[in-house]
Amino acid sequence: MINLKQFNELNAITSDDVLGKEVIDMNGEFLGVVETLFIHPQNIEVIGIQIDKGFLRRGLLIGKDHIEKVTPHAVFLKIKPAVSVKGMKVFDSDGKDIGTVMGLSVKQGTNEIDNLAVSSPFFKKKVNIAGDLIKFIGYNVFLTDKRENLKLPD
Amino acid sequence: MIEVLYDKSAPLEKTFNAHRLLGSKVLSPEGLVVGRVKEIRISPDDMDVEGIIVSRGWFKNTIYIGKNYFKKLSQESLILSIEPTILIEGREVINFEGKRLGKITRIERADTTNAIRQIVIKRMFHQEVVIPGKFIQGIGKSVILKESYDKPEAVQRT
Chain F
2 MINLKQFNEL NAITSDDVLG KEVIDMNGEF LGVVETLFIH PQNIEVIGIQ
52 IDKGFLRRGL LIGKDHIEKV TPHAVFLKIK PAVSVKGMKV FDSDGKDIGT
102 VMGLSVKQGT NEIDNLAVSS PFFKKKVNIA GDLIKFIGYN VFLTDKRENL
152 KLPD
Chain E
843 MIEVLYDKSA PLEKTFNAHR LLGSKVLSPE GLVVGRVKEI RISPDDMDVE
893 GIIVSRGWFK NTIYIGKNYF KKLSQESLIL SIEPTILIEG REVINFEGKR
943 LGKITRIERA DTTNAIRQIV IKRMFHQEVV IPGKFIQGIG KSVILKESYD
993 KPEAVQRT
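Quick note, the sequences are listed as chains F and E, same order. In short: position in the first sequence from 1, add 1, done, that's the numbering used here. In short: position in the second sequence from 1, add 842, done, that's the numbering used here.
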């Protein structure tokens, strides 16, 4: 048995310390607030959290491995969630505008992007861009090469 | 058909028409659209490109950016090697515990460089606070301060 003094020495936190806290990604972006804390029913370990991103916006599930720390004011993540790329512009390696990210898919169970659905006035329909063509994601997305070398449709 | 006449300069095929750069995008390394090239500035002494003037749209100051902050130049865009710190005005500042401290109202740089000497932040119903640049841990969508900032001696009020 553990007594209260030992809990305090461990600096243990409770669900009250997590629920309702703002969630901040590694880029300092405020993602929302912690709505739900998920606990494994057998081993009673924290599995992850669900983030409430606001009115009419879909929630976001984050596994505990992506959580860096819980502080008195916020929950910090180690990552920038892949879904953040929605709405970002996509540039080739020369900075040429390719389009805007309309949707994406991630590799199952990871934060790694599998495909981006990109739309632009130049394409007749949305085009899929494979995740391995992404060089860098910051405020917008940079691809690994020039548009003509990536063989994207006209 | 172009007649070429050069000695130690780069050949024609290794250059591009600077006029085409006018109006093209200026991007930070993280893909932030800084503005568009308004002017290309050339030194009258050695005829080298020294920098560009970037137009940022209505009601925003234009910026002169020196060539030592250029990373890549193409006919499509100019990609910088820095995230211009003058653009962080208005961003939220948070301490290492995620507490919101206020928004940046003013940035003071080290002379004309991109290095931040200090920032001034303001929160509603609070006085402005000056934060030396050495307490900045990271700059992204928000500015995150180092743990050392929460020591009382670090706080300066304006």
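Hints are not guaranteed to be accurate.
To be verified - Heads up, simulated BS3-like pairs for lysine-lysine below, C-alpha to C-alpha not over 30 Å straight-line:
| id | chain 1 | residue 1 | chain 2 | residue 2 |
| --- | --- | --- | --- | --- |
| 1 | F | Lys81 | E | Lys856 |
| 2 | E | Lys867 | F | Lys126 |
| 3 | E | Lys988 | F | Lys97 |
| 4 | F | Lys152 | E | Lys867 |
| 5 | F | Lys87 | E | Lys850 |
| 6 | E | Lys913 | F | Lys6 |
| 7 | E | Lys902 | F | Lys70 |
| 8 | E | Lys964 | F | Lys136 |
| 9 | F | Lys22 | E | Lys964 |
| 10 | F | Lys90 | E | Lys914 |
| 11 | E | Lys964 | F | Lys97 |
| 12 | E | Lys988 | F | Lys54 |
| 13 | E | Lys913 | F | Lys65 |
| 14 | E | Lys913 | F | Lys97 |
| 15 | F | Lys81 | E | Lys976 |
To be verified - Restraint ranges, calculated between C-beta atoms of paired labels, are given here:
| id | chain 1 | residue 1 | chain 2 | residue 2 | range |
| --- | --- | --- | --- | --- | --- |
| 16 | F | Lys65 | E | Met966 | 33 to 41 Å |
| 17 | E | Arg948 | F | Glu46 | 40 to 48 Å |
| 18 | E | Phe901 | F | Leu57 | 41 to 49 Å |
| 19 | F | Gly132 | E | Met966 | 49 to 57 Å |
To be verified - Per the computed footprint, the stretches of chain F lying under chain E, defined by three or more beta-carbons under 8 Å from a beta-carbon of chain E, are:
| id | region |
| --- | --- |
| 20 | 27 to 33 |
| 21 | 37 to 48 |
| 22 | 88 to 102 |
| 23 | 136 to 145 |
Hints are computed from structural coordinates only; laboratory data are not their basis. No experiment lies behind these values; they were computed from the predicted model shown. Don't be surprised by glycine CBs; every beta carbon is placed ideally from N, CA and C.
Now for the hints, and whether the structure bears them out:
no., hint, verdict
1, F:Lys81 with E:Lys856, "violated, 39 Å"
2, E:Lys867 with F:Lys126, "holds, 25 Å"
3, E:Lys988 with F:Lys97, "violated, 36 Å"
4, F:Lys152 with E:Lys867, "holds, 23 Å"
5, F:Lys87 with E:Lys850, "violated, 48 Å"
6, E:Lys913 with F:Lys6, "violated, 57 Å"
7, E:Lys902 with F:Lys70, "violated, 38 Å"
8, E:Lys964 with F:Lys136, "violated, 37 Å"
9, F:Lys22 with E:Lys964, "holds, 22 Å"
10, F:Lys90 with E:Lys914, "holds, 19 Å"
11, E:Lys964 with F:Lys97, "violated, 37 Å"
12, E:Lys988 with F:Lys54, "holds, 27 Å"
13, E:Lys913 with F:Lys65, "violated, 38 Å"
14, E:Lys913 with F:Lys97, "holds, 15 Å"
15, F:Lys81 with E:Lys976, "holds, 25 Å"
16, F:Lys65 with E:Met966: 33 to 41 Å, "holds, 35 Å"
17, E:Arg948 with F:Glu46: 40 to 48 Å, "holds, 47 Å"
18, E:Phe901 with F:Leu57: 41 to 49 Å, "violated, 31 Å"
19, F:Gly132 with E:Met966: 49 to 57 Å, "violated, 42 Å"
20, 27 to 33, "holds (count 5)"
21, 37 to 48, "violated (count 0)"
22, 88 to 102, "holds (count 8)"
23, 136 to 145, "holds (count 7)"
Of the numbered hints stated above, those contradicted by the structure are hints 1, 3, 5, 6, 7, 8, 11, 13, 18, 19 and 21, listed in ascending order.
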